[in-house]
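There are 2 protein chains.
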Amino acid sequence: MPTEQFARFVVDTPVSAIPAEVMARARDAVIDTFGVALAGRDEPVSAIAARWAREISAAPQAGLWGHGLRTAVPEAAFANGIAAHALDFDDSMVTLHGHPSAAVVAAALAVGEFVHASGEQLLAAYALANEIAGKFGRAFGDEHYLRGWHSTSTIGVYACAAACARLWGLDAAQLCHAWGLAAAQMGGLVRNFGSMAKPFHVGQAARAGVLAAWMAKTGMTADPRILEGPNSVLDTYGGADRIAPEELAGRLGKPWDLLDPGVNVKRWPCCYGTHRGLTGIFALRESQGLRAEDIESMTFGYLPGNDAALIDREPASGLEGKFSMEYTAAAAFMDGEIGFDTFTDAMVARPEVRRLMRKASRYRLRPGDFEAGAPVFVDVTITTRQGRHELRVHHAPGSRGNPMDAAQHEAKFMDCARRGLDDERARRLLGLLRDLDRVPDVSQVVAAAAAKE
Amino acid sequence: MPTEQFARFVVDTPVSAIPAEVMARARDAVIDTFGVALAGRDEPVSAIAARWAREISAAPQAGLWGHGLRTAVPEAAFANGIAAHALDFDDSMVTLHGHPSAAVVAAALAVGEFVHASGEQLLAAYALANEIAGKFGRAFGDEHYLRGWHSTSTIGVYACAAACARLWGLDAAQLCHAWGLAAAQMGGLVRNFGSMAKPFHVGQAARAGVLAAWMAKTGMTADPRILEGPNSVLDTYGGADRIAPEELAGRLGKPWDLLDPGVNVKRWPCCYGTHRGLTGIFALRESQGLRAEDIESMTFGYLPGNDAALIDREPASGLEGKFSMEYTAAAAFMDGEIGFDTFTDAMVARPEVRRLMRKASRYRLRPGDFEAGAPVFVDVTITTRQGRHELRVHHAPGSRGNPMDAAQHEAKFMDCARRGLDDERARRLLGLLRDLDRVPDVSQVVAAAAAKE
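These protein sequences, in sequence, are chains A and B. So for the first sequence, the UniProt record's numbering puts the first residue at 1; every next one is plus one. So for the second sequence, the UniProt record's numbering puts the first residue at 1; every next one is plus one.
Among the hints, a few may not be true.
No copy is singled out in the list; a pair is fine if it fits within one copy or between any two copies.
[To be verified] Computed list of lysine to any residue pairs in SDA-like fashion (alpha-carbon distance at most 25 Å, straight line):
| # | residue 1 | residue 2 |
| --- | --- | --- |
| 1 | Lys359 | Ser195 |
| 2 | Lys359 | Arg225 |
| 3 | Lys217 | Asp88 |
| 4 | Lys217 | Pro44 |
| 5 | Lys217 | Asp12 |
No lab work stands behind these hints, which were simulated from the structure alone.
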């Protein structure tokens, strides 16, 4: 009975049986998610969610991160999930074919706050839920996404229900019912990408996971074997390439998805299509001691299609700058770093940056330049008065092949958190999150991030 | 652009353009739905939903019918939707392949109460939403259900969003976005039948429709052409037998689904598999002046498979009695009526009823007895000392072929409403609902049904 095996894994695995490395990666994911949510707090879609929470004015059970506002657990999960995905700056995982942390951290922290869970309990809930996300991702198959579903939310809702079930102390039978109720709420379409509905999906998955767990805890029933048999949710929503749940249930924690493949953390708050190019710019700039005034040209060779999202060659605004290899390269070179401040209209308008931008260009690699089916890379070439410097970049920082170190993680967090909090509060919050496994009550974390309304 | 055409129909059709007959059928549906929800108020699944509303303790914007409890609009829609489907006693519609009214009335009345809509506005919103349910039902096709989805909620959510959009005064563009958000929340699996999740689906559709409309009203965006193009929601969830939305958009109100095929109202609170048999019993009993003491046998001939749900031949409880042709036939004969009171343990245990039950039996019609593909019927035969009486029953009362008259509708309502309210309040409520088109503010209706908490 794989549904029950998955459920037992979630509710019965003792914290002591979760490897320290898994708990550490869970902590990194919570830090990253909390940070990007603070950064996304004032995005229009997040503002709508906060307005909704104000409008329904529910019991103050859990907080909206970076707000003074408190609301009922499901609404906090909803609003924080939306904020965490509002900038599309949150982590991703290939086995889920989506973003594993935004919804789960939002749901888990809302319940965790309500039940005064310890930081260790929260991390365990996240780690177990992430494992469900990865294994269920394979159970639905990559074709699930290709059929039109946004796995981040459609599969994420099961992970959210798992995290909430763990924190609320459901037994395995109750979690099986909760998954039946999660199946009844799974939704999210790729067709909604490019609209506010994409982060809405994440908030919705978080809320639905909370609801499913609460309902099951209170006696609501559903089909408790929703992954199994004819007309199962896998039959109805899965792809032809899906792996049988019976097989996956035997692979729980062997290895943990948090270790292999792990999550990919986004290093810079701009289109992922610029990340390999930026990696090359920073590497050459530092290793070769290049100076902006010496540059004659910067070129970026892309595999066919890989620069499709880079729609702005001459950006007129900060937002457009995020989708410009030319601008981000120039800014990286001039400023030595890329952060939120890089993407203001004023920064994009700087004359010296625009002069440098004009020396940057993209080109498409020709079939002779690469092998068919080769792993993705970008060729970065910088020509100066002194010479020509080339670098082929496969791995952007934050990806499994080039993980971010602790300092880079914390720099990203601070860059994010400062958008919503003053420097001192941001540092205090980071201190709490860094030692999350020793925090006795996670509501301290949310309180540390609370701002005046 | 069919999505926009559907949306314009919902938001732009003036009340004066809705035929009086459609408004009358809308009123019947609201009365029936409100009644079955009052009857379902104390079912375990409804009690969980009410407990949830108490737990999150949101702003008192709308009431739980038959309670004193008030909560935020989406939670009222959720709880009332669950109560309305808790007994599976609510109406159905073949073009939706499900129950069209429970979710829509719950969502519409919650918003209607909040905005102080008139009864006429509420009826118009219901009528337009029902039309969306019927046309979208064809747009997804019957195979949508066969692929595993519970159309009542998966398609119902679009109707709910439509009703809420109408009452909140959204424009067509906003409703298109709301439908994108509804698509992101559509859920409900046939596999959950037989559990509390079935009514949960209905509550969830009502809540999701409210949420979609509110979010779109407040500026949330989604794909505004979610019914159209590659990877549309119809591509992803529809059956091969679906009808193109372009064609259906031209058939709005031509005719109205409320008139053709219309909704099927359930006459008695027991398994639909008993309804044709009961129709025959009542007809023969009255027309032939039969008396219980004269009866030698009552037999019911079913087409193969049509009595599959009648699992209890010798019911030991009131609940089991609902799934027994033998018991319901005996009770109908003895009591001259079937109502909630029929299904108490004490009523089932009556010695005189059990004696009569033993004279009742079912049999399966043999292939020679009917033509392949014939419309469903049940052969009812009563043998008395005086002779043999036969009737072939095609249409149960409340179905399109045998509609209930006003007195039968009201008798059902009173039987339902008395389960939650005293007789005087139930009559006053019925009076309000009967004249709903002249009620200036629908919150009066909910207030009239409010009980002390």
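Hints and how they fare:
1. In this homomeric assembly, Lys359 and Ser195 never come within 25 Å of each other (Cα to Cα): the closest approach is 33 Å inside a single copy and 65 Å across copies.
2. In this assembly of identical chains, Lys359 and Arg225 lie within 25 Å of each other by CA distance neither inside one copy nor across copies; the values are 60 Å within and 41 Å between.
3. Taking CA atoms no more than 25 Å apart as the test, Lys217 paired with Asp88 passes between copies only; the shortest distance there is 24 Å, against 33 Å inside one copy.
4. Within a single copy, Lys217 and Pro44 get their C-alpha atoms only as close as 34 Å, which misses the 25 Å cut-off; across copies the closest is 14 Å, which meets it.
5. For a Cα distance limit of 25 Å, the shortest separation of Lys217 from Asp12 inside one copy, 16 Å, qualifies, whereas the shortest one across copies, 44 Å, does not.
Violation of the numbered hints given earlier is confined to hints 1, 2; the remaining hints are satisfied by the structure.
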